[in-house]
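A.B. asks: Two independent chains are provided; combine them into the complex using the hints.
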Amino acid sequence: MSAVPATTTRQHWWSSPSARREVRWALFFLSPWIIGFFVFTAGPMLWSLFISFTSYDPFKGTAPWVGTDNYARLLADPSAQLALRNTIFFTMLHVPGQVIVGLFLALLLTRVGRGAGIFRTIFYLPNVTPAVAIGALFLMILSANGLLNQGLEAVGLNTPYWLTDPNWVMPAIVIMSLWTLGATVIILFAALRNVPIEMYEAARIDGANAWQQFRNITVPFISGPLFFVIVVNLIASLQIFSEVWAMFQGRPSAGPSAQRASLLYVPYLFQKAFQDFQMGYASALAWALFVIVLVVTLVQLWLSKRWVYYENG
Amino acid sequence: MALREEGIDRSFVPGIADPAQVTAARRSASGWIGRVVFGLVLIAFSVLFVFPLVWLLAASLKPGAEVFSSSLIGSQIQVSNYTRLLDLVPQFGSWFLNSVIVSGLAAVTVTLSSALVAFGFAYFRFPYRNVVFGFVLATMMLPGAVTMIPTFLIWKSLGFYNTLVPLWAGNLFASAFYIFMLRQFFLGLPRDLFEAARVDGASYFRMWRSIALPLTKAALIVVFIFELRASWTDLVKPLIFLRDVDLFTLPRGLLSIIASSSITGEGHFELLMAAAVITTIPMLILFFLGQRYFVEGIATTGSKG
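The listed protein sequences derive, respectively, from chains A and B. The first sequence begins at 0 in numbering that gives the first Met the number 0 and counts up one residue at a time. The second sequence begins at 0 in numbering that gives the first Met the number 0 and counts up one residue at a time.
Honestly, the hints are just simulated from the structure, not real lab data. All of these numbers come straight from a predicted model, not from anything done at the bench. Be careful, since some hints might not be right.
[As the list claims (entries may be wrong)] From the structure, some residues in chain B lie toward chain A, with a derived Cβ separation under 10 angstroms:
hint, residue
1, V40
2, F67
3, I148
4, T232
[What the hints assert, rightly or not] If you only want the chain A side, here are some residues facing chain B, beta carbon under 8 angstroms, derived:
hint, residue
5, S47
6, W178
7, F240
8, F276
9, Q277
The C-beta atom is built at its ideal place from N, Cα and C for all residues, glycine as well.
Chain B on its own, in the form it takes in the complex (with noise of 0.2 angstroms):
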C-alpha cells in the first residue's frame, strides 16, 4: 500500500520483484517435484494394499513348491489347484451354500427388522422415546464376549445347536447400529406425505411399506450390503454353533483347512491360497457392485457418529 501510493510501480524497480510472483514461481518449481513424490506416495500406498490380494490370487495358481517364490506367475497356471481343493475338501460346495443361505437370511432379516423399528423412532411420539433411544444407542458399546456365553446357552436349549438357525435368527431382532443410521433417514421424509396417506385412511404399516421404504431404498441397500459382508465374513458364531463340517460356513471351513493336516500340514498351501481365493471373491464382487453404497454408508456413519 505504502508504495502505491508514492507512485512507485513495483514491477519495473529492479532488485524488488512481487513478493506474489516469487512464491508463485517457487511453487511451481516445488510444484513439479512435489507432485513427482506426491504420485510416487500414492502409489506405493495402492501396491501396498492391492499387492497382497494380487499375491493371493497368484499363489493359489502356482504349482505348490512355488508358492513362496518371488515372481507372480509360476513355472505354469494351474487353475487344476481348484478342482484338487474341492476333491480333498468335497464339502466346499456345501460350506459356499451355507454361507450364500446365511448371509442372505441375516441380511434380508435385519435389514427389514432395523427399518421397522427405525421408523418407530423416527415417526411415532411415545413416553420415554428418548431414553428408549439412549438405550439401543448403549447396546452398540456392549462388547459381544459379555453375551457370547448366554446366547450360546439360549440357542442350545431351544434346539439350535449345530444348526444353521443361530447365525442368522438373531437378525429378527433388529440391530442397533442399522436402527441408528435408518432412523435418520427416516427423519428426513417429510411429515406431510405421511399425514396425506393418513387422510386416505392408510395404516401406519402401511405407510411404512408404501411409503418409507420405497423412498429411503438407498440406505436399505446400504443395511442389506453392511450386513451381507459381517455375516458372510463372520467366524465367531460358526465356531460356537457349529459342529458338524458339513454346515460350515466359509469362514469356518477355511479355518478347519488352516488348522488341517492334510493341506497346510502337508504344505499345500497352494490350496489354501485357493480357498481364501474362494471366500473372498463374492465380497470382492459385492464391493465393486455396490461401491457407492458402501463408501456412503461408511461415510455418513462417521459424520454423524
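With the rest of the complex left out, here is chain A (with noise of 0.2 angstroms):
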C-alpha cells in the first residue's frame, strides 16, 4: 500500500547540517534559561526532597538520614495543622473576596467611558506599594485606635483589637489582603471590553434583563480571564508571606498569641527553616505545600474544561 520503500531509513528533519547549525543557535539562546532550570529548579528541587528524609545540619552539614519521620511529624505537628488552617481561612475568604470585588469594580469601570483609566490607576496603586510598607501601614490602620476603629466607631459599631485579639488577626489579614485588588481588576476590565456589545443589544431586544445578560453573556465571555485570575489568586494566597511577617512573626512586640493566631504556612516553614534551622522539617513542609498547590492546579485545570467557554472551541 505504501509507495515508500521499507528499506528507507527514517531520517529526523534536523539531521541536514543547516538545521544542526539551527539546533545549536537555539541552544545558545535557550542556554541561560537551561542552566537556570539545572541549578535553581530541578536541582534543588531534587536536593529539598532529600533533605526532607534527612535531619540536615546546615552548620555541620550533616544530614543524618531520617527517613520519612519529617513527613510523620508533619502530620502531628499543631503549629503545622494550625499554620494550614490559617492558611485556607485565609484563601477561603481572600480568593473569593479578590474576584467579587474585583469583578465588581471592573463591571463599575465599563460604564464610566473615558475617565476608566484614572479609575483603574487609583484602583492600582496599593499593588505598586511594597509589601513591607503595606505591613508597616496596615499596623498603623489596624491598630486599636487605628483609622478602621475611627470609622467604626462613628458609624456606632464595636471595635476589635485587631492586631492582638486572636480571634481578629485573621480577619485582619484578609482586610489588608484585599486592599490590593488592582491587578484582579485590571485583567477582568481588559476581559470585559471585548465582550462583543451586539450581544448585549440581541439580548436586550429578547427580553432578558440584567442579570440574564450577566450570567449569559458577560460571564462566559471572560471566563477564560476570570479562571486565570481565581488560579493565580488561589496560588499567590496559599503563598502569602511577606505582609503578614512584617505585622506578625517579624515583629516580636506582636507578642506570642497574636504571633500564633495568625501563622501562616510559608511563614512557619520559614521560621522552621531560618530561625529554628530545621531544614530537614522544613523541606517535608516545602514538599506538603508543593503536592497541595499542584493538586490545587490540577483541580482548577479539570473544572475549568467543564466551565471555561473558549471562543475559538
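C.D. replies: So this is what it looks like as C-alpha cells:
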C-alpha cells in the first residue's frame, strides 16, 4: 500500500547540516534558561526532596537519614496544622473577595467611559506599594485606635483589637490583603471590554434582564481571564508571606498569642528553616505545600474544562 | 406588527403608549438617580484605595503624639521627621542605594536573559521544542518555598552569603513568566524581516540584537518595569541572604524598623511612616511614569494566560 520503500531509514528533519546549525544556535539562545533550570530549579527540587528525608544540619553540613520521620512529624505537628488551617481560612476569604470585588469594580469601570483610566490607576496604586510598607501601614490602620476602628466607632459598630485579639488577627490579614486587588481589576476590565456589544443588544431585544445578560453573556465571555485570576490568586494566597511576616512573626512586639493566631504556612516554613534551622523538616513542609499547590492547580484545570468557554472552540 | 397591519397609529391611541418610549422615560428618570449612586459608589471605592496612602504620607509629617488623631494635618507639618529618621537610622542611605543597585541589576539581567531565551523559543526550530517550553511554563507553578532552602545553600557554598549577589544574580538565568510574555511578542514579528537579514549575512545573535529587540521595545520595558517593582518590593531574599545591617535593602530595613525597640518600641510611629513613605515613593514614581506599560503588561498576561 505504501509507496515508500521499507528500506529507507527514517531521517529526522534536524539531521541536515543547516538544521543542525540552527539547533546549536537555539541551544545558545536557550542556555540561560537551561542552566538556570538545572542549577536553580530541578537541582534544588531534588536536593530539597532528599533533605526532607534527613535531619540536615546547615552548620555541621551533615544530613543523617531519618526516613519519613519529617513527614510523620508534619502530620502530628499542631503548629503545622494550625498554619494550614489559617492558610485555608485566608484563601477561602481572600480569593472570593478578590474575584467578587474585583469583578464588581471592573464592571463599574466599563460604565465610566473616558475616565476609566484614572480609576484604573487609583485601584492599582496599592499593588505598587511594597509589601513591608503595606504591613507597616496596616499596623497603624488596624491598631486599636487606628483608622479602621475610628471609622467603625463613627458608625456605632464595635471596635475589635485587630492586631492582638487571636479571634481577629486572621480577619485583619484578610482585610489587608483585599486592599491590593488592582491587578485583578485590570485583567477583568480588559476582558470585559472584549465582550462584543452586539451580544448585549441582541439579548436586550430578546428581553433579557441585567442579571440574565451578566449570567449568560458576560460570564461566559470572560470565563478565560476569570479562571486565570482565580488560579493565580489561589496559588498566591497559599504562599502569602511578606506582609504577614512584617506585621506578626517578624515583629517581636506582636506578642506570642497574636503571632500564633496569625501563623500561616509559608511563614511557619520560614521559621523552621531559617530561625530554628530545622531544614529537613522545613523541606518536608515545602514538599507538602508543593503537593497541595499541584493538586489545587490540577483540580482547577479540570474544572476549567467544564466551565471555561473558549471562543475558538 | 399586528397593529400596523390594522392601520392603527399607536401614538394617537390614548392609553396605549409606545412601550419603547415608556422604557426610555423610565430609564432617564432612574438614570439620573442611577448615575448619582454609580458616581458615589465609584468615589467611595477610590477613597478606599487612595486614602490609606494619603494617610501614610500625612502621618509621616505629623508630630509623634498625633499620628492616630483623626485630622490629616497635625498641629504642625514636621518635615523634620525625615531628618530625624536619618539621624536615628544612619544606614538608611545605604539601604536606599542597595535597593537601587539590586533592583537595577535584577531588572537589566532578567530582561536581557529572558529576551534571549524567548527569542530562542520563538524563532528556532529544534527537537522537542514544545516539550521544553512546557517545562518553562510548569516552573511558573512551582512554589518558591520548594527551592528556597537549596538555593540558600547554593549561594552560601559559593561564598555569596551576606552579599547583594544572590538578590539579583539568579536573574541571569531568565524567568519563566517573562519568557512566556516576550515569546508572544517575538512570535508577532514577521519572519520575512529575519530572512532578509539572513540573506545579508547577519548572524542569529545580530538578528536578535538589531531586529528583534528594537521592534519589541515596549514589551521589554514592561518586563524591565515589572522586575524593577518585584525586586524593589521583595523581602524574602534580603531576609534570607543578608546579615549585615549596612547591606539591607529598603524592605529589609523597614522590617528592622518595625521590629526595633528604639523606634517602634518607643512609639515613634511617625518615623516608621516616614521610612515607609521613602520605601514606597520610588514605586509610585515608577508607576506614574510607566503606567501605560503596567496596564498593558497586566492586561495581556491576563488575556493570554
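A.B. asks: A closest beta-carbon separation below 10 angstroms is what the hint needs, so does B:F67 meet it against chain A?
C.D. replies: holds, 5 angstroms
A.B. asks: Taking the closest Cβ pair, is B:T232 under 10 angstroms from chain A?
C.D. replies: holds, 4 angstroms
A.B. asks: Is the interface hint for A:F276 satisfied, with its Cβ closer than 8 angstroms to some Cβ of chain B?
C.D. replies: violated, 10 angstroms
A.B. asks: With 8 angstroms as the cut and Cβ atoms as the points, is A:F240 at the interface with chain B?
C.D. replies: holds, 6 angstroms
A.B. asks: Do the numbers back the hint for A:Q277, that is, is its least Cβ distance to chain B under 8 angstroms?
C.D. replies: With Cβ-Cβ at 10 angstroms, over 8 angstroms, it is violated.
A.B. asks: Would you settle whether the hint for A:S47 is holds or violated, based on the nearest Cβ-Cβ distance to chain B being less than 8 angstroms?
C.D. replies: Interface hint status for A:S47: holds (5 angstroms vs cutoff 8 angstroms).
A.B. asks: Checking hints one by one. Is B:I148 an interface residue toward chain A, by the C-beta closer than 10 angstroms rule?
C.D. replies: Holds, about 5 angstroms.
A.B. asks: Should the hint that A:W178 touches chain B count as held when the rule is a Cβ pair under 8 angstroms?
C.D. replies: It holds, given that the least Cβ distance between A:W178 and chain B is near 7 angstroms, below 8 angstroms.
A.B. asks: Taking the closest Cβ pair, is B:V40 under 10 angstroms from chain A?
C.D. replies: holds, 7 angstroms
Comparing the model with each earlier hint shows violations of hints 8, 9; every other hint is respected.
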